[in-house]
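Hey, can you work out the whole structure from these sequences and the hints?
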Amino acid sequence: MSSLRSTASQWGLLGAGLVLALLFLSEGVFAREMEKCTRCHDETEAYPVLNILQTPHASQADPRIPFGSDGCEECHGSADDHLRPPAEGEKRIQPPMVFRRGERPPEEQNAVCLQCHESGDRMHWRGSPHEFQGLACVSCHTIHTTRDKVLVKQEQPQVCVKCHTEKRAEMLKPSSHPVFEGKMACTDCHNPHGALTESMLVEPTLVETCYTCHAEKRGPFLWEHAPVREDCSICHNPHGSIHASLLNTRGPWMCQQCHLGSHSSASFDRTGLPTAPQIIGKSCLNCHSQVHGSNNPAGPGFTR
Amino acid sequence: MKSWRKKALYSAVAAACAFPAGAIGQFEFELGEAVERDEEAWAELTEVRSTVEFGGGYVSDDSFKHGEYSGLHSEGFFPILNFDLYKREAWDSETASYWRIRGSNVGLDSRSLDLQHGNQGDYRIRLEYDQLHRRQFDSTETIFQGAGGKRLQLPEGGSFADRADSLRSFDIKQERNRFGMEGEKFLMPRWSVRGSFVHEKKEGTRVTGIPREADFFSPSVLVPEPIDYETNRFRGAVAYTGEKAQAEIGYSLSLFENQNRFFTWQDPYAADWSTAEERQFTSAPDSEHHQVRFSGGYNLEPTTRAYADVAFGRMIQDERFLDTTLTPTRTTAGGLIDTRVANIGITARPIPRLNLNASFHHDDRDNDSPVIEVDGRTTTPYSYTLNRTRLKGDYRLQPRTNLTLSHQYSWWDRTYVAREEVEEGILEGRIKTTLNPMFAGGVVLAHEERRGSTYAGAESNPLHPALRQSWLADRDRDRYGVFANVTPMENLTFGASVNQVKDDYRASELGLTDGEATIYNLDVSFIPVEGLTTYAFYNYEDNESRQVGPTWTARLLDRVGTAGVGLSTSFLDDRLKVGTDIAYAKGVGRVRVTSGAGQQPMPPLVTELTQFSVYGDYQVRKDVSVLVRYRYEEYDSKDWGVDGIDPDTSGAVITMGGESPDYKVHVIGASLRYRF
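Protein chains in written order, with the working numbering: chain A, 8 to 311; chain B, 13 to 688.
One should not assume that every hint holds.
[Said to hold, decoys possible] Here are some of the chain B residues that sit facing chain A, going by a computed Cβ distance under 7 Å:
(1) Gln258
(2) Ser264
(3) Phe268
(4) Ala296
(5) Ser299
(6) His302
(7) Phe333
(8) Val353
(9) Ser482
(10) Thr574
(11) Ala575
(12) Ala597
[Unchecked claim] Lysine-lysine pairs mimicking BS3-like chemistry, simulated, CA-CA at most 25 Å apart:
(13) B:Lys77 - A:Lys174
(14) A:Lys156 - A:Lys174
(15) A:Lys224 - B:Lys185
(16) B:Lys185 - B:Lys77
(17) B:Lys99 - A:Lys160
(18) B:Lys185 - B:Lys676
(19) A:Lys160 - B:Lys650
(20) B:Lys514 - A:Lys174
(21) B:Lys197 - B:Lys256
(22) B:Lys598 - A:Lys169
(23) B:Lys676 - B:Lys77
(24) A:Lys169 - B:Lys589
(25) B:Lys650 - B:Lys676
(26) A:Lys174 - B:Lys162
(27) A:Lys160 - B:Lys162
(28) B:Lys99 - A:Lys156
(29) B:Lys213 - A:Lys224
(30) A:Lys156 - B:Lys634
(31) A:Lys174 - A:Lys160
(32) B:Lys514 - B:Lys444
(33) A:Lys169 - B:Lys444
(34) A:Lys174 - B:Lys444
(35) B:Lys213 - A:Lys160
(36) B:Lys162 - A:Lys224
(37) B:Lys634 - A:Lys174
(38) B:Lys162 - B:Lys213
(39) B:Lys598 - B:Lys650
(40) B:Lys598 - B:Lys514
The set of hints was computed from the structure by calculation and includes no laboratory data.
Glycine is no exception: its CB is placed at the ideal position from the N, C-alpha and C atoms.
Structure representation (structure tokens):
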């Protein structure tokens, strides 16, 4: 009789194994992996956990996305301890990875994201200024949504100025790029994930970043203006200025920082108002309008 | 079948079925009783939705400055139309295809459209259209007929003396229309290719100053220069994404084409405009820029990564010169600059507490344009090479205290400038600590020194050899900063910082001699009750610099204060969301010039901006919301270079007049948002 019971047990175990194997090979088990979380983190949660299913991160058809096989645990880690009922008077154990400030160290949080995202624009995250500052991906990004603010041009600046508060002040100045108007994003010029360039610019140099929209300044010109070729920020503040054309300083004093010539070394003060051509209108640019470079043989003084 | 065998088989099947059921039962035991799913709420959270918002608004007054980029520049009604049409296969579907069409400000000339389609993990394509209208000056005047075109002519029968009677209003504005497309194909498992094309057209006018004569001081005139630019940009790249290595190599081409190679203008200083000489003015030449760029990273160890970003480019410009009485030795500039930029480095965390980074930057602009002689003057095809090393380390002294030290050393070699070799060193230290959950703060200190080879003062400026051009001059720069974040309660956060930069151009007798900038910043975020979020910020910037001329000294002071408060909250179970934002910014620029005649300060330059907005979003039904917006903006500015200066005020420059902008504008809008 005992041998019969033993045979029955073996059959039972075999059958159970077969069913489990079938379940694991089918997609049904994937859903249950996720459902083991959504049993509690359901539609009643204040935080919209389920919104992840609207996003690319949950797509099962994309073979690159591990959500299909591991569900929420792919990012949040094994939930075994979290599922265990807490002892009386104790809190439930958190999942191994909670993407929130003050939970896990930023580099550990980011390592989860970098498993899939260490390419393209994010290739140089490691070693980047934001990484050194201890930022986590979720410092800027919201994952459980189809409208991540930082990815929407009109809303992105509001995310960036939360830390870069001085840039908010600069962009409220009367001369500024149309960032708060939603026509430019910070990422049009900067790569916040890290670039090996100065100020994490998207193009190899500052001037090339500016040429993206201001190609008419590129030349090369017959008559070149040396600092213009090298660095636009010598004269302009791209984030904003109280002076026209984003100038760091108003003319003629801007120009007099480098040019004290036969007529440019004079003292210009209020006695020149309202007629002195060096200070009214466009100041030095009343004549030297081709200050970015001239392609006219008659333009060595950038007047043609 | 014998009964025991049947029993065994049944028990095996039952056991097999019971095992997973038991497992689920175990979850129920641990997680509590399963509750019935709210299918409607589930669908709401898990299925993507589209939205369309439409309505109208009203602008109370005309103002170019108010609508400089927004499109709300004219008094009157305006349409509101925004949409986000989104379709994505369900998360557990067999395909991951999607399309999304977004439009914003569709009824205004600041509209943008964005279409995205793809099959996730397979391919994606994107089409984009963006319109950017910039309204620059609406109170300007010109004496020229044909303004906006390529031929600026003076009125028949007029003369310089009649210029005040010959003015006509002409607005200065530009419009950019950008059309872009891009696509990417993922070549499984590790490769992808992508390409993009952007076409941008910029049209309109800008104010350009032209002196009567090119080579010596002469009276000038401001004219509306016609703008008709086209820029086409192509990019193509192949990317590799491996577990250890990621790399991308691509080619880009930018073609700039100016449809107005030149425009003509008549000399308004002629005594008789009927016979005034017609002259040509050169506009920006066509040009092209080719570039090959490689970017990659390799994980040598899990905590060590080497990276590189290398770009080789060529800028070309060979536009034929305009006909001139001068005799250049070539008919084109033959402009050619080879660019080489390389960034290589390594970053590592040898121990968890230490993050290190070392990098080298090389930037070379090799201007191979020929030296051209034009009637005794020769061109200066300027080149430079910049090399830079940077070392940076971040060490966790205590569990919540980090020390960051960095050193950067740069050296430049330049041609055709007063100082050919310049070097600069920067040493920076920063300590940041989180004493407890309530307080985090730190200090930043940096010192920079710029030095160089002998400055060719007498050679570059025989008149004033003591001048040191500010971008080449010796300079000591010190930077100080303190910052703190205080969270006395979970729902209240204060952030404060003070940063100061001091420049000393230690060897400059003439030119920029010293400067100081201090920025104070305060931010507060407060959530007094759940669902009510408030914030406030204040920023004050104080810039002061001093520069010296042969007979004068000028102190330039720019002070800007910016402040704002706002709140947002919701009522009726989140069905009604309301909020308000207030921002204020005031900038004052002063120039105090002291010369032999004593101090003659310029009048202050003032800009003052006040913004107030309030909004409400009421969800009438789950799929229908009503949105109401109100915004008030007041702007006041004073600019001595423009205000009260008519085109005929000066005998030496004919301006386009205009006034610095002042306005008070109310904007109200109401719209309906349908979600489906």
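*Which hint numbers doesn't this structure obey?*
Result: hints 2, 6, 11, 19, 26, 27, 37 break, sorted rising.
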